[in-house]
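Chains as they are written, first to last, in full-length UniProt numbering: chain A, 1 to 260; chain B, 1 to 384.
Since the hints were made in silico from the structure, they are not lab data.
All of these numbers come straight from a predicted model, not from anything done at the bench.
Even for Gly, the Cβ is constructed at its ideal location relative to N, Cα and C.
Partner residues aside, some chain B positions facing chain A, computed with beta carbon under 10 Å:
#	residue
1	M11
2	E14
3	T15
4	E18
5	I19
6	E22
7	R23
8	E44
9	M45
10	Q47
11	A48
12	D49
13	A52
14	V53
15	G64
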Amino acid sequence: MKIIVCVKQVPDAKDVRLDPKTNTLAREGVQSIMNPYDQHALEEAVRLKDELGAEVTVLTMGPPQAEDVLRQSIACGADHGVLVSDRAFAGADTWATSYTLAQAIDFLGGADLVLCGKQAIDGDTAQVGPGLAMRLDMPFITCIQKVREADASGLVAERMMDDGYDVVAVDYPVLLTVVKDLNTPRVPSLKGKMRAKKAQFQVLSAADIGADPSLIGLAGSPTQVVRVFPPKPRGERTVLTGDMDEQVSELARRLNAYLQ
Amino acid sequence: MDYFLSEEQEMIVETAREITDERIIPARAELDEKHEFPRAILNEMAQADLFAVPIPEEYGGFGGGCIDNVLALEQLGRGCVGVGTAFAASALGIYPILIAGSDEMKSKYLPDVASGAKFAAFGLTEANAGSDASGIRTTAVPDGDEWVINGTKQWITNGGEAQIYTIVAITDRSRGARGASMFVVEEGDAGFTCGPKEKKMGIRASSTTELIFKDCRIPKDRLIGRLGTGFITVMKTLDSSRPGIAALGLGLAQGALDEAASYAKQRVQFGKPIISFQAVQHLLADMAIQLEAARALVYGAARHIDAHPKDMTKVSSMCKVFATDVAMKVAVDAVQVMGGYGFMSEYPVEKMMRDAKILQIYEGTNQIQRNVIGQELNKEYSRS
Ligand SMILES: Cc1cc2nc3c(=O)[nH]c(=O)nc-3n(C[C@H](O)[C@H](O)[C@H](O)COP(=O)(O)OP(=O)(O)OC[C@H]3O[C@@H](n4cnc5c(N)ncnc54)[C@H](O)[C@@H]3O)c2cc1C
Ligand SMILES: Cc1cc2nc3c(=O)[nH]c(=O)nc-3n(C[C@H](O)[C@H](O)[C@H](O)COP(=O)(O)OP(=O)(O)OC[C@H]3O[C@@H](n4cnc5c(N)ncnc54)[C@H](O)[C@@H]3O)c2cc1C
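Produce the entire structure from the sequences given, and follow the hints as far as they go.
Right, here's the structure in full:
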């Protein structure tokens, strides 16, 4: 069984600033970390590997220093790391990113299970996972909070919903995007760190993965950032308590007071 | 201070630090309050290969030396000496096998301890044999292909939680110091049970119980090393493990200093942060001086032991005494710096002060360590 985990290197949220001119994230001089959701995706992959004997490959698109997240992944139990890196990928939006990752996964011979974070903490769109699944022509389930059971042919998972969760059974191949409730990522082991220190990573260029130049990087990115602004703070919120009758009369009283 | 750690040693520190900060510190108050054995945390430490540190590579270990073990334990001690003791006692339990066991015995037990699949414990002390180990009454008598063990061990760390117990029993009382031997007893062996958990002043996350042997039968090949070498193996075991107790003391002292210094910066009295009062500064300065001196001694001793394994007794005792006395003093002073807040369970130094005390008692009291150092000096100076 082959599992591919897509991980993204993101600026550490503890250390985020906006470039006042461009209104985009100032990335220079900011510590980079593995996108937190992706750490949970990787942990689940390694648990499935321990349970079912899978081969776990971690895939990232990014500049050469994105190798750091691959190294960290090896320390946490991944078998291989692949870096998709080329100047031609620069400026990719989620459309171009999902195309690029799909090309890379095809190049690597596909996978039974692809795991992504729900969203990246810098872009926050939550588009890459579903976009990637569409391009791979794979079913996908988003916001997985628990993998209940898994075997060599498929799995049963819980999808987080606003008011509970769905239980979904699927056969491979499938792509999952995951939330943090899924598991607690392990502390990287000493032997893992030793392996990571020596690990060599496959680096794939645009040509390697046969990418169409018009679909990658800035050229392949239709997204335009019109304006970036902090959201207005929400007003004060009150949760009414008591039994239903009390809550309804309290609500009516407040609405009345507001209307007057 | 820079102690010029190797890249691998930095890795050990980083791993133990992560476990300490992310897993132990958030859980320690509750573990202490509930006297709860930290199984989940120990499993994570196992997963991170920390149990593998002192075990040779051929048995699935990391092949680390005394210094590597010290570095890991220092971090754990900073978080919780109770958790650190549970961890350290597992290493203590397998030292007899490492030191005197056959290759066969090592292959049988060490890989499971390295992976953390099994915990170990070390059983020497009895009700009437504490500092004076020669007073033990537990006996092992051969019977056909088996040994039959009778007696009760007291205050054994990891009792009831470990799967592998290395214990000392008298095999021939007439032979005195050569009359004891060490054995491996496994959880589930017929005639072997553990008593209830003791209630303790500190290190409440660790389990301390009796080991009770009533006609306990174990196979012949559970004898560790040669017959009659029990006390020699015990002494070598404790020589190897004491720097680990010293390291728990370093960690505890560091934790207490961290708490006290950051509190002193925040706490305002007479219109100023209390750290601006010279009397408080001097307390903190003395804590820092003693801690750093202790660290230099412990690291130095550990490196000496790794380089000169035949000459470890004196330095091992010296670093244990000094670092654990420092831990006790620093913990008491940390409470003083924090005043009434330091006395409250809500703040971690209250627990640190309770935990520090055991470090001066177990694995040989600090009085006994001084005796040992004195005897070594006596030998050294009669040679020259
Ligand atoms: C409105 C908007 C406009 C943008 N415009 C630009 C731009 O003009 N130029 C520019 O450089 N960037 C731009 N970005 C950033 C870029 O689109 C995203 O960083 C990138 O496509 C990933 O999307 P995301 O961060 O939203 O990830 P999400 O879709 O939130 O990520 C979900 C998951 O997809 C996977 N994933 C995402 N990215 C990668 C990756 N690189 N490698 C491997 N796996 C990955 C991870 O598993 C991740 O958890 C823009 C982002 C936004 C929100
Ligand atoms: C929490 C805990 C965990 C323990 N874990 C283990 C374990 O895992 N395995 C194990 O085998 N044991 C264990 N022990 C036992 C521990 O090693 C003994 O308690 C210790 O060696 C001291 O023995 P004692 O308590 O009988 O004190 P005693 O020997 O009765 O000593 C009492 C006092 O007399 C002093 N004293 C005794 N003899 C001399 C002397 N000759 N010169 C000067 N002073 C002297 C001592 O320093 C001490 O102050 C543990 C004990 C505790 C409390």
